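Starting from the known structure of chain R, fit chain D onto it as the hints suggest.
Protein chains in written order, with our numbering: chain R, 8 to 499; chain D, 8 to 499.
No lab work stands behind these hints: they were computed from the structure.
You may find that some hints are simply not true.
A pair counts as met if it fits within one copy or between any two copies, since identical chains are not told apart.
Stated by the list, open to error - No farther apart than 25 Å at their CA atoms in a straight line, the calculated lysine to any residue pairs in the SDA-like style are these:
1. Lys402 with Leu74
2. Lys242 with Phe116
3. Lys364 with Thr223
4. Lys434 with Val256
These figures come from a predicted structure and were not determined experimentally.
2 protein chains.
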Amino acid sequence: MFPYKTSFQIDRKTNQALYLQLSNQFIQLIKERKLVPETKLPGSRVLSELLGVHRKTIVACYEELLLQGWVESVPKKGTFVNSKLPKLNQQSFNADKEILLKESVGFQFYKNYDLERKYFKHQDGFMYLNDGVSDARLTPTEDLARTYRRICSRKNIYEEMSYGSLFGNEKLRNTLANYLNKTRGLNINKDNILITRGSQMGIFLSAKLLLQKEDTIIVGKTNYTSADATFLQTKANLLRVTVDENGLVSDEIEQICQQQSIKGVYVTSHHHHPTTVTLSAERRIHLLNLSKKYNFAIIEDDYDYDFNYNHSPILPLASHDTNGNVIYIGSVCKTVAPVYRIGYLIAAKEFVNEAAKHRRFIDRQGDALLELAFEDFIKSGDLDRHINKVMKVYKARRDLFCQLLKEKFSDVFSFEIPKGGMAVWLKLNDNYSWETIAEIARKYKLEIGEWQRYDNADLGHNSIRIGFATYNEEEIYELISRLSRTIEEIKN
Amino acid sequence: MFPYKTSFQIDRKTNQALYLQLSNQFIQLIKERKLVPETKLPGSRVLSELLGVHRKTIVACYEELLLQGWVESVPKKGTFVNSKLPKLNQQSFNADKEILLKESVGFQFYKNYDLERKYFKHQDGFMYLNDGVSDARLTPTEDLARTYRRICSRKNIYEEMSYGSLFGNEKLRNTLANYLNKTRGLNINKDNILITRGSQMGIFLSAKLLLQKEDTIIVGKTNYTSADATFLQTKANLLRVTVDENGLVSDEIEQICQQQSIKGVYVTSHHHHPTTVTLSAERRIHLLNLSKKYNFAIIEDDYDYDFNYNHSPILPLASHDTNGNVIYIGSVCKTVAPVYRIGYLIAAKEFVNEAAKHRRFIDRQGDALLELAFEDFIKSGDLDRHINKVMKVYKARRDLFCQLLKEKFSDVFSFEIPKGGMAVWLKLNDNYSWETIAEIARKYKLEIGEWQRYDNADLGHNSIRIGFATYNEEEIYELISRLSRTIEEIKN
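With the rest of the complex left out, here is chain R:
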């Protein structure tokens, strides 16, 4: 008889049911042809004594093997290893203890080398630059969680828990429409809104609907890198125009339009990413007129509308859009915290409907519970209170950061004090290079990050975008100190 007693190992410490452990090991023995087809297995009582387990365990084990088709039960005769199993390839099962899902796959797939981004693993004691993200420590996390819980306790909340709207929770869309109409001069209703997982999904869907191979989209010579990458993935052409102190140079756009047809223009109108400049009123009207004349879309990514220090924000292009040319994208991520991926894509109804259709096959729907929590957050005025609170903090941080930059580095860096947003566009004196700074800075535990991404078009502007909002006062001093030591070393 096959050496059953020594061929099985039982681990009573693990959570896994004994019968399952045994059936797995049976399967392995059958695959390895140590138990060949048509072998008669011992009766359950016999095997239970051999292995020192309850008879029920063997019965369950055999049932499992039967159900899976590894054994067959012949009435009045017994249980046999199934005669109908295909011949197994011996080689495949040598390494039966190896990680089944290892490093590499057994098939071909498409790799996209354009999508490579550098990720800097977090090391203790290091400070990391960012391109302007909010300070998560200021997020009203507990308030939102309390609201979330309150919503989950509602009597009929189960109505929101199943498969629902592709467009996002209707209550949130209504509240958002009112809120944006009031604060941004829009004139929309809930049917103009698709709630997305942050702005990125809005950009992704817009690209999907606008661009295919051989289509053209216009962006700035400096541009938000993720937008570039998203557009490039559609295999469309990126045409770049100059960005000056008033934003995209619309005259260049006009010249392009006179030569060829374009599908759209991507613009971060309020604060250009990465240079932080604001698109002037004149350029806005020009761009809107061009879009009407040449029938292209304007993807307006209004990622940090709420952060404006000197005055109220400038109304977006979407507020002057009478012809339905603007796809208006925004989110609460920059305003609240990136973990809350509640964003919106706003456009004429027919575009929103098509975007929703595509969305179904990406993630099927949003998180209705989180959407309801944010509906409450907006409607109650909490969002505005939060914005007012962090604005004061960020303004103070901006002031300190810019003051120190000016005091210490006026011969090395030049910049405009940003009127809004969470970052500074910092130009480095051409006698220096960011490559060197990045290298030396690591010695002082300062990680500059992927500075090359701010010059996708290879203009040699020698500038990067530095976010100041995540650092409190003490951290700003520390950041400047490390930068200072870095610059000192380079000078010597």
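Positioned in the frame of chain R, the structure of chain D alone reads:
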């Protein structure tokens, strides 16, 4: 002088700031060329008296117009409508009170008619069939919300609130790896997992990495419609093979492989969608061997692994995958509730890494707070307790539903009692048609839904998939009753 007094309307009831209302109306007047370039605007005191507002309001209004570039300030002279504005197209601004973002856009975009799905608007008093979704009323919503809140109160929670991992929260991935290794016989670690927004995102990403135009993927002649649609969007070819009582006929797959190269096979191994049959052990080994021999991927969508009534579930193909051919997709949606879009894509590390790179440009990252809540839910054993609880309920509902179907409709319907899952595959006697049933059923306030989607390949099997899990006992009786009246009417 321009009739300022009568040209402006102030609404003190709305939330919108007065100076913003006025500046918006100024802008409109300038656009409509009612106030032409170089017009001198009244002094702030004069205008404030004319309009009956505080002087500060006018000052703020003029500052806003200045910032936006609509007016210019000439020292010692006054404020003038900007001389440098481009000529405006009169026609565009006639309908200034129209919804700016209307029905239709001012540009061209791609419309995909394959993505049309019917959505049945919810009408009072109606009962709706579904293809097997969980009963949201059984979801432990408050428990999860309590856990969510507890997590949000943690001292260092802000560390999870910013831009984080593309792969999903590491703690969840570790816990999930342990859990799946124990319960599904996998042998993975956290690096083999990408947390996705439900299974759909897993299918979407897999399609993106595997398929481009002219690639081929094999699916069943009956198949999960959303998977079909997702694959078709890549412009790849769908080749269909027969599905019998043992699942996909692997011999047909072998024949195809001998003729042409294929990129993958999509399989819902545990319970085929829509027919509910289980892929036999023999077919599983055959399919795995074929994938190794012909280097294709197996996308194993294990959407309802946990629901098995007679015995423990059958281990997935992924548990026997020594060569890295299987992309294992699953989610907690079917087990808990569709609103919680926590799913996973599991494969060899290199594939998961590439999928994560793409994910960045879709929604950037998941919801780390919800992921942590589910980590706790799984680790504490709550998930398993929930599964055990609902399994009993669903089994009873299955039994009742099937018993009534047999009692009342044995001459009309035929079916196998499903060993697991939340739906029945119901074949209709060929003397009848679902089209007629759907039409008549509406009179009895029963919506059959989009029955055609179960026969994508036009086989004429005259069957649909009906979910029973969402209905309690009373509702099952009511459903059967309405179906009964429908069938009665058709018979007469």
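> What are the numbers of the hints that this structure violates, sorted from low to high?
Replying inline: Result: no hint breaks.
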